[in-house]
Amino acid sequence: MFEVGPAGEDGLRLVFLEAPHPALTRCLLRIQSEAEGYFGENLADSVVGYTTLTLLFHPFRLERDRAEAWLTEQADCPALADPDDDSLTGTLVTLPVLYHPSVAPDLEWLADQKDISVDQIIALHAGTTYFAYATGFAPGFCYLGDLPAELATPRLANPRKAVPAGAVGLADRQTAVYPGISPGGWRLIGSCPRPLFQSGDHPTACLAVGNSVRFEPITTQEYRNFGGEL
Amino acid sequence: MRQLVIHQSGPAASIQDSGRTGCLQLGLPPSGAMDVNGLASGQYLLGHSADEAAIEMAYGNLLASPTEPCQIAVTGATVDLRIDGISARMHTVLRVEAGQEIHITPGATGIYSYLHVGGGIDTPEILGSRSTSAREGVGGFDGRRLMNGDRLPLGKPTQLPSSRNGDLTYIPPGDLIRLRFVPGFQYASMQPDATAALCENDFVVTPKANRMGVQLEGSRIDTGIETLLSEATTHGAIQIPPGGHPIVLLNDRQAVGGYPKPGAVIRSDCRRLAQARPGQRVRFSLCSPQEADRISWLEQHYQDTRLL
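Taken in order, these protein sequences are the chains called R and L.
Residue 9 in our numbering sits at position 9 of the first sequence, and the numbers go up by one each step.
Residue 301 in our numbering sits at position 71 of the second sequence, and the numbers go up by one each step.
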């Protein structure tokens, strides 16, 4: 089930009315790539969200009826025929993480809450391959899922005013790394010393929607070698 | 090298052009001039192409001087403009000698004004644009707003400036700005009371207004939607956070968001809203995509006839 509708006067939005799923994301990424070819220079930008694809056109370049018909046709996606296919086939990105109370204010709290050891938390968090479902509120931020159910935890009632860059957080069945200093309500269990977003002349993010992601525990010394500050 | 030396930058001056495309998936906003008419008329006056950059000022406050003679034009919201202390006109090409001081101070209405310099501001293009996305540290001058003492590289003028007035003069709003919006996103899943309240009540522009967006205050809108999966935001999208006060998202918005949106305000009304000072009364009304198209064509026609 899906719907196609406007995203403002120059945009179209395709939304699938189902729960997020790697196969769905792959379908959205495929349509995004087809759209770039089909609409060419007319297309100004496009974004894959959890269950949505938003196409934004340059002014006067959206021929709405034709574009809606095309998008409707594309949404009939063979990849969705097999909803059990949750294989993680995207490029694998491995992020180093220091799991230590000095950089992770909620690590021991979470161990208490779940009545397991810090080592078990690390084993669970670093022992899972995650899927990058959507980019987030800032460049380099990616929502990763699914967090093992044993670690699922609600957000802070009062978000922190400043979460440091590199903080590895948990919320519900999701995990993510904060690319820069920002307010944040996720529980923090580690710190990744590798920059998630680099500005400069050629801005790049190290995660993209559709990637597979793993976290690799590192020592305090390795954290420092990566340029991490304690 | 030809430079423009910034003696006083004011609080929120930055380099902007028509903005960046194709970077939302990376998490970068489009940025670009908040008042595209202000940008376009200066480009026309100086014979610039549509992708030249200018200095955008908020509540115009700038003191600058060129290291070599150059031609300038100031457009957008009305400001007081002086060259070496002598009052000068906006919306016309002016010659400024090396070392002369261009001094811009706020006028009575509007927010965003533009200082264009012949040859353009020649900072590097990052991902296809010179626009500054200050929060992300991308583009413009070192990825940030201008500061006192900055020396901006200037391009070589390749075109003769226009001999006519390219006047898309900023027209101060009346008592009420209409915010016509194309419904979409979560419009159909919101409580009918919420969408009705949005259109039936006037709202007021609050001081929480900047390049990211404009927060409005009026009756609180209860969308009835609790959680939402993150998706793209668009220019003009009306975002309603749990507090119930709508925010119209503009050029430096976060590329992706998780708050419900009943639709997106059309381009021409966004431009008026961007120039609205706190206290301005606004009213939302529904607009079909077809009607939005007609309005855009009319505005484009108006612009074409003014800049011929």
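It is worth saying that the hints were derived from the structure and are not from the lab.
A hint or two may mislead.
[Said to hold, decoys possible] These stretches of chain L come out as covered by chain R in the derived footprint (C-beta under 8 Å, 3 or more residues):
no., stretch
1, 299-311
2, 337-345
3, 435-448
[Said to hold, decoys possible] Chain R residues, not near chain L, derived (Cβ > 12 Å throughout):
no., residue
4, 6
5, 7
6, 8
7, 46
8, 47
9, 53
10, 73
11, 100
12, 123
13, 128
14, 135
15, 172
16, 200
17, 202
18, 208
The beta-carbon is built from N, C-alpha and C at its ideal position, and this holds for glycine as well.
Quick rundown of the hints versus the structure:
Coverage of a stretch by a chain is defined here by at least three residues with a beta carbon nearer than 8 Å to that chain's beta carbons; for the stretch 299-311 of chain L and chain R the count is 0, and the condition is violated. Chain R is given as covering the stretch 337-345 of chain L, and this is violated because 0 residues of the stretch bring a CB closer than 8 Å to a CB of that chain, at least three being needed. Restraint check on the stretch 435-448 of chain L versus chain R: 0 residues with Cβ-Cβ distances below 8 Å, three needed, restraint violated. Remark: the non-interface label on residue 6 of chain R conflicts with the geometry, its nearest Cβ contact in chain L lying 4 Å away (cut-off 12 Å).
In this structure residue 7 of chain R is not separated from chain L by more than 12 Å, as the shortest Cβ-Cβ distance comes to only about 5 Å. For residue 8 of chain R, the requirement that its beta carbon stay farther than 12 Å from each beta carbon of chain L is not met, with the minimum near 3 Å. Here residue 46 of chain R does not stay apart from chain L, with its beta-carbon only about 7 Å from theirs, under the 12 Å limit. Under the 12 Å C-beta cut-off, the non-interface status given to residue 47 of chain R relative to chain L is violated; the minimum distance is some 4 Å.
Taking the minimum C-beta to C-beta distance to chain L, about 8 Å, the non-interface status of residue 53 of chain R is violated against the 12 Å cut. At roughly 20 Å, the least C-beta separation between residue 73 of chain R and chain L is larger than 12 Å, which holds for a residue marked as non-interface. Against the 12 Å criterion, residue 100 of chain R stays outside the reach of chain L, whose nearest CB is about 28 Å from its own CB. No Cβ of chain L comes within 12 Å of the Cβ of residue 123 of chain R; the nearest lies about 29 Å off, and the non-interface call holds.
For residue 128 of chain R, the condition that its CB be more than 12 Å from all CB atoms of chain L holds, with the nearest at approximately 21 Å. Remark: the non-interface label on residue 135 of chain R conflicts with the geometry, its nearest Cβ contact in chain L lying 5 Å away (cut-off 12 Å). Against the 12 Å criterion, residue 172 of chain R falls within the reach of chain L, whose nearest CB is about 9 Å from its own CB. In this structure residue 200 of chain R is not separated from chain L by more than 12 Å, as the shortest Cβ-Cβ distance comes to only about 8 Å.
Non-interface status of residue 202 of chain R relative to chain L is broken: a Cβ of that chain comes within 12 Å, the nearest being about 8 Å off. Taking the minimum C-beta to C-beta distance to chain L, about 8 Å, the non-interface status of residue 208 of chain R is violated against the 12 Å cut.
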